[in-house]
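All chains, please: the whole structure from these sequences, using the hints.
The opening residue of the sequence shown carries number 1 in the working numbering; numbering runs sequentially from there.
Just so you know, the hints here were simulated from the structure itself, not pulled from any lab data.
Be aware that one or more of the hints could be misleading.
[Said to hold, decoys possible] Pair ranges (Cβ atoms, derived): (1) S49 / S94: 27 to 37 angstroms; (2) A249 / S94: 13 to 23 angstroms; (3) A112 / A223: 12 to 22 angstroms; (4) S49 / Q86: 18 to 28 angstroms; (5) N141 / R227: 32 to 42 angstroms; (6) N141 / R78: 33 to 43 angstroms; (7) S106 / G54: 37 to 47 angstroms; (8) G229 / A55: 44 to 54 angstroms; (9) N65 / G229: 42 to 52 angstroms; (10) S178 / S94: 35 to 45 angstroms; (11) G36 / E163: 14 to 24 angstroms; (12) S49 / N206: 24 to 34 angstroms.
[What the hints assert, rightly or not] Mimicking DSBU-like on lysine-lysine, the simulated pairs with C-alpha atoms at most 35 angstroms apart in a straight line are: (13) K197 / K170; (14) K90 / K197; (15) K51 / K222; (16) K56 / K222.
Backbone N, C-alpha and C fix where the C-beta goes; we use that ideal spot for every residue, glycine too.
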Amino acid sequence: MITGREIATAAFTALAALACLGSDADAAQCGSTAAGFDTWKREFAEEASAKGTGAKAVAALMQTNYASATIAADRSQRSFGLSLDQFLAKRGASTIVARGRALKQSQAALFASILQRYGVPPGPLIAIWGMETGFGSQRGNQNMLSSIATLAYDCRRPEFFTEQLYAALKLIDRGALSASTRGSTHGEVGQTQFMPKNVLSYGTGNLDVAANALNSTANFLKAHGWRAGAGYQPGEANFAAIEAWNAAAVYQRAIALMGRQIDGGEGTSAAR
1 MITGREIATA
11 AFTALAALAC
21 LGSDADAAQC
31 GSTAAGFDTW
41 KREFAEEASA
51 KGTGAKAVAA
61 LMQTNYASAT
71 IAADRSQRSF
81 GLSLDQFLAK
91 RGASTIVARG
101 RALKQSQAAL
111 FASILQRYGV
121 PPGPLIAIWG
131 METGFGSQRG
141 NQNMLSSIAT
151 LAYDCRRPEF
161 FTEQLYAALK
171 LIDRGALSAS
181 TRGSTHGEVG
191 QTQFMPKNVL
201 SYGTGNLDVA
211 ANALNSTANF
221 LKAHGWRAGA
231 GYQPGEANFA
241 AIEAWNAAAV
251 YQRAIALMGR
261 QIDGGEGTSA
271 AR
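Now the structure itself:
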């Protein structure tokens with residue numbers, strides 16, 4: 001999961017473009033092709049070392065490669081432009097709901113514990129789990145650090161991904177992640193796809209373990225205003241927490257709808 005990664009506002013894009021020019025003459029400069037990546041990487045490593053990043057993380061950064069697959073994926077997120085019904089069909093919502101209902105029953109003790117601790121019911125958590133990784137079956141096979149370093153170098157959104165890169169380096173220094181950690185194309189890791197900055201803020205244990213990932217997701221939602229017992233459909237109090245999880249409106253509505261169905265509500269289409 002990338003909070004706010006899919007939809008950049010025009011203002012943010014303009015700021016990102018200005019960032020490429022660099023207000024600090026010594027700052028590593030962004031680029032739009034692989035040609036400047038190695039130079040950027042050396043400059044960024046020097047900056048990171050000066051800011052206290054440890055030798056292990058700096059060495060991991062220097063091992064990264066320009067991730068062409070990440071750039072291609074970042075430029076072609078077409079599914080977020082679909083209608084809700086089209087999006088649900090493309091993402092296999094009926095399968096997610098059917099399996100989600102079964103998991104809600106088979107993992108009842110886990111979800112009861114999460115509900116008690118964070119106030120988040122099973123439905124939206126299971127919907128996110130199914131949407132992000134097919135319940136852990138599709139967690140990505142890209143080098144996490146190469147993906148994030150490439151996006152921090154790329155001129156499209158360098159500020160956002162520079163923060164993620166520093167978080168990833170901190171996690172490597174701590175031993176929570178490694179230079180070989182695999183993830184999705186934007187550097188997301190774990191069963192519900194956390195970006196490194198959110199791992200630092202909300203992660204509870206190894207996120208490749210489903211129980212840890214689900215607890216971490218509930219922790220994120222609670223931290224973003226989730227209120228126990230309140231509704232989570234559009235216009236209801238907890239929908240804002242779902243909006244914080246992912247900036248794409250069609251994704252948000254899909255999670256709310258599938259969550260309601262998993263939690264026992266009626267409705268199988270966008271019209272409801």
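Hints, verified against the model:
no.: 1; hint: S49 / S94: 27 to 37 angstroms; in the structure: violated (51 angstroms)
no.: 2; hint: A249 / S94: 13 to 23 angstroms; in the structure: holds (21 angstroms)
no.: 3; hint: A112 / A223: 12 to 22 angstroms; in the structure: holds (21 angstroms)
no.: 4; hint: S49 / Q86: 18 to 28 angstroms; in the structure: violated (47 angstroms)
no.: 5; hint: N141 / R227: 32 to 42 angstroms; in the structure: holds (37 angstroms)
no.: 6; hint: N141 / R78: 33 to 43 angstroms; in the structure: violated (21 angstroms)
no.: 7; hint: S106 / G54: 37 to 47 angstroms; in the structure: holds (42 angstroms)
no.: 8; hint: G229 / A55: 44 to 54 angstroms; in the structure: holds (49 angstroms)
no.: 9; hint: N65 / G229: 42 to 52 angstroms; in the structure: holds (48 angstroms)
no.: 10; hint: S178 / S94: 35 to 45 angstroms; in the structure: holds (37 angstroms)
no.: 11; hint: G36 / E163: 14 to 24 angstroms; in the structure: holds (21 angstroms)
no.: 12; hint: S49 / N206: 24 to 34 angstroms; in the structure: holds (28 angstroms)
no.: 13; hint: K197 / K170; in the structure: holds (9 angstroms)
no.: 14; hint: K90 / K197; in the structure: holds (29 angstroms)
no.: 15; hint: K51 / K222; in the structure: holds (31 angstroms)
no.: 16; hint: K56 / K222; in the structure: holds (33 angstroms)
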